[in-house]
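Fit chains S and X to the given chain F structure using the hints.
One letter stands for each residue in the lines below.
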Amino acid sequence: MKRQKRHIKPSKRFKSHKDLPPMSVSSVPTSVNKTGGWRVLTPVIDYDKCISCMICWKFCPEICITAEDKPKIILEYCKGCGICAFECPKKAIKMIEAKG
Amino acid sequence: MKLVITGNHAAAYAAKLCRPHVISAYPITPQTEVVEKLACMVADGELKSDFIKVESEHSAMAACIGASAAGSRSFTATSSQGLALMHEMLFWAANSRLPIVMINVNRAMAPPWTVWADQTDSLAQRDTGWMQFYCEDNQEILDTVIQAYKIAEKVSLPAMISLDAFFLSHTSEAVDVPPQADVDRFLPEFNPEYKLDINNPRAFGGLVTAEWYYEFRYKIHQAMQDAKREINTVGKEYAKSFGRKYSLIEPYKADDADFLFAASGSMVSVVRDAVDKLRKAQKKAGLIKMRTFRPFPKEELIKLVPGAKNLCVLDRNISLGNEGIFFTEIKAALANIKAKPMIYGFTAGLGGREVSVNDVMNIAKSIETHKAAEFNFYGLKK
Amino acid sequence: MKLTIPQQELVYSGNAACQGCAGLLAMRYCLKALGDKTIVVVPACCWTVLSGAFPATAFNVPMFHTAFETAASCACGVKAALRMQGKDDINVLAWAGDGGTFDIGIQALSGAAERNDDFIYVCYDNEAYMNTGIQRSSSTPYGAATSTTPSNMFKNEYKKDIDSILAAHNIPYMATASVAYPEDLIKKVQTANSIRGLKFIHIIAPCPPGWRYPSEKTIALSRLAVLTAVFPLYEVKDGKYTVRKTGDKKPVAEYIKHQGRFRHLKKEEIEYIQAETDKRFELLLKKEQLL
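Chains as they are written, first to last, in the working numbering: chain F, 202 to 301; chain S, 1167 to 1548; chain X, 135 to 425.
Keep in mind that the hints are not guaranteed to be accurate.
Think about it this way: if two alpha-carbon atoms lie no more than 25 Å apart in a straight line, the pair counts; the simulated BS3-like pairs of lysine-lysine are [stated by the list, open to error]:
no., chain 1, residue 1, chain 2, residue 2
1, X, LYS136, F, LYS292
2, S, LYS1537, S, LYS1547
3, F, LYS271, X, LYS166
4, F, LYS219, S, LYS1385
5, X, LYS384, F, LYS291
6, F, LYS219, S, LYS1394
Source of the hints: derived by calculation from the structure; they are not laboratory data.
Isolated chain F (complex conformation):
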C-alpha cells in the first residue's frame, strides 16, 4: 500500500488558487511540525534501570518513543508531558529542566 511521505513545509506549497485542490484536502503528514519546541521538561532514560518493558512506548501520546530494547525518545516531537516518567515501573526516566 502506497503511503505519502513528503516532508514539505505547508506554507510554501501553494502560490495561487490554481495550485489548490477543489476543496481542503490534506495529505502532508503533521510530522513536518517539530513539536519538541513545546517542551519545558525533557525526559531522559537511565538504561541501567530500564528493563525494556515498553510501557513508556505504550503510553506515549505523541508516539515519539521507539519500540526497541533500548527505547529512544524522539526529542523532535516530545512535548514533555511526563507520562513516560510517571508510568515507568523502574523509575528509569527522569524529567529534567532542559530543552534537551
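Just chains S and X now, with coordinates in the frame of chain F:
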C-alpha cells in the same frame, strides 16, 4: 415509455434512472411520494440502492455527504421545514464540492402550518453554493434530475431541483420516461478524482486559515461560472439523446417583445398561456423562463431584455424586508446596462394561492395603465 | 522486549494535541486495533483541530471532517457507499467527543443505533466541550467546575448514562474502555470490528487543561477512574453484561483529589459522589447477574 405520473413520481423515476448508490431521506409533505416510490423500487429489486431511512433531514444530508465523499452517487428529497433543517449541511455539501442531487418540493414556511406552494424555502438557500433549477412541468422534473447529475459531477457542485407543491408534486401529467440503457449512455458511472480511499489516505475539510479560505471560495465561484456553460452544453447533449432541449434561461416569444414577463416554476405555463392570449390581442408579449437561479444567468438575461419597454417579474416568494427574490436579482443583474426596460415586481401565490391566466392578464394591464407600483403584492385581500 | 499491543502506528507525531492528551492516545490505540483499511469520520471536537491544519494531517488513514452533530449520520452514509461499491470489508469509524455524542450528536447516534448501521462509533470522553474552552456538557460529572459551571455554581447534574442509552437500543455491542488499559481497549475494538451492526465504545479520556492536573497523570487518572468505579469497564454483548472486576474499590476521593476541577468540593459533596458511584456500580453488577 409514456406514463401519466405526478411530479413526485417523475422525480422518483428520474432518480432511479440515475442509479444512485445511496438514497437517504426523511418524509415531509408534499415530498413523501418521491421517497415512497423509491422505497418500492428498491424493495421490488428495480433499483439497487441503499435507502437509509434517516431520522431527520439534517441527517439525510449528512448521510448523502458521507456517501458522496466515499465516491458514490447519492440522492435525497425534501421540502420547506426539512430543507431549512438541512441548511447547515447544504453549505457542507457545496463547500466539500460533492455532486449531490436533491429534489425540493417548494412549500411555504411555517408557522402558520401550511403545505402549499411557495418558493421562499429554496430561495432562502440562495447562498449555500448549490445550483438551483426550477421546473415548469413534470417532464422537466425528470429531465432536469438526469441532467443535474451530469452537470454536478462535471463541476463538482451539488444541485437542487425545485418543483411547486401540489401544482406539480401531486398533479399527473404525461411524462416520457426514457429507457435505462439510454440514460446509462448519457450519464456514466460516478468516478470522482477526490474521494475517501484507503489507497490514498487524505483528510477532507481540515482547518484553513485566512491564508487560503478566500481562494477556496473563489474556486467555488469559478465552478459556478463553469456551470453556466455546462448547463447549456448538457442541455444540448440531452436534446441529442432524448429529443428535449434545455438551457440556462428559456425565452418564449421574447425576440420582438416589448412587454416581457419573467417567471419560474409551475407559474411559467400559466404565463405562457397569457403571452399567447396577449399576442392574439396584437400585443407584443414575451416570456423569460427563469430556469436556473444559481448560477444566475446574468449574461443571458442582459442579452434578452434591451428591446422591451416593460419587464414584469412574477415571484411566488418574498424576501421580507425587501421584495420578490427573482425581482431583486433581475434588477441587480440589469443595474449597469444602459438600454433596459422598466422593471416591475409582483409577488403572488404565496402559500399555494392560485395564479391564473386572468391574474397574469390583470397584472399586465396594471402595468400598461400605469396603475402598478414598482413592487406589488398581487391579489391581496384588502 | 515484548509488545502487548500491535506495533503499527497510524497517527503521525507533530500534531496539535495538548501535552498528555488521552484523546490522542485513544485514537492511536483504536487505529492499531482496526488497521489501515479504515476510514474515520470526525465531527467538531478536539480531534478536528489537533489533526492539523490544511494541508497537513495527523491521520495515516483517509478521514472526513463533518459537522458537529453528524458523526453517526455521515458515517452511515460512508458505510452505505462502501457497501454498494463492494468494499464492505473497509472499516468505518465514527470518532466523536462527548459533546458530539451525548448532546448535539445524540439524535444521529440514536438513529444509527436504531437502524443498526454497520460501523463502530467511538466516543472519547473528556467530560466537557474541551475544544471550545472547557464548557459543560451532559457528560461532565457532578461537582465539576467548567467555564459555564464555575466552582460556585458547579455542575449539579449527574453524568448522563450514555452507555445505558445505547444498550437500550439493543445494539450488538457496547463497551467502556480506558487508555490506562490499552490491551483491553484494543481487544474491545477488535471484538466490535468482528460484529456487524452498530458498535459503541466509550473511552474515558482525561484532559490536563480541562480537568486541571499535571499532564504526567493522564494514565494514572484513567486508571483511577476505573479502580474507583467512577468509570467501570464493562461490555454489553447481545444484551449480556460483563463487568471487569478490578479488586477492592478505591475511594472516589483518591480520584478527585488530583483534579483541580473538583478542588472546591466540600466533604459532603464528595460523600454524595461516593454514594452515587456505589449505587450505580451496584446497579451495574445487578445487571450483570440479571442479564
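Here's how the hints hold up against the structure:
A hinted pair counts as satisfied when its Cα atoms are at most 25 Å apart, and LYS136/X with LYS292/F qualifies at roughly 19 Å. Restraint check: the Cα-Cα separation between LYS1537/S and LYS1547/S comes to about 17 Å, which is no more than 25 Å; the hinted pair holds. Distance check on the hinted pair: LYS271/F and LYS166/X sit about 22 Å apart at the alpha-carbon level, within 25 Å; holds. For the proposed pair LYS219/F and LYS1385/S, the alpha carbon gap of about 8 Å is at most 25 Å, so the pair holds.
Taking the CA atoms of LYS384/X and LYS291/F, the gap is about 24 Å. The hint holds against a cut of 25 Å. Distance restraint check for LYS219/F and LYS1394/S: the Cα-Cα separation of roughly 20 Å lies within the 25 Å cut-off, and the hinted pair is therefore satisfied.
In this structure, none of the earlier numbered hints is contradicted; all agree with it.
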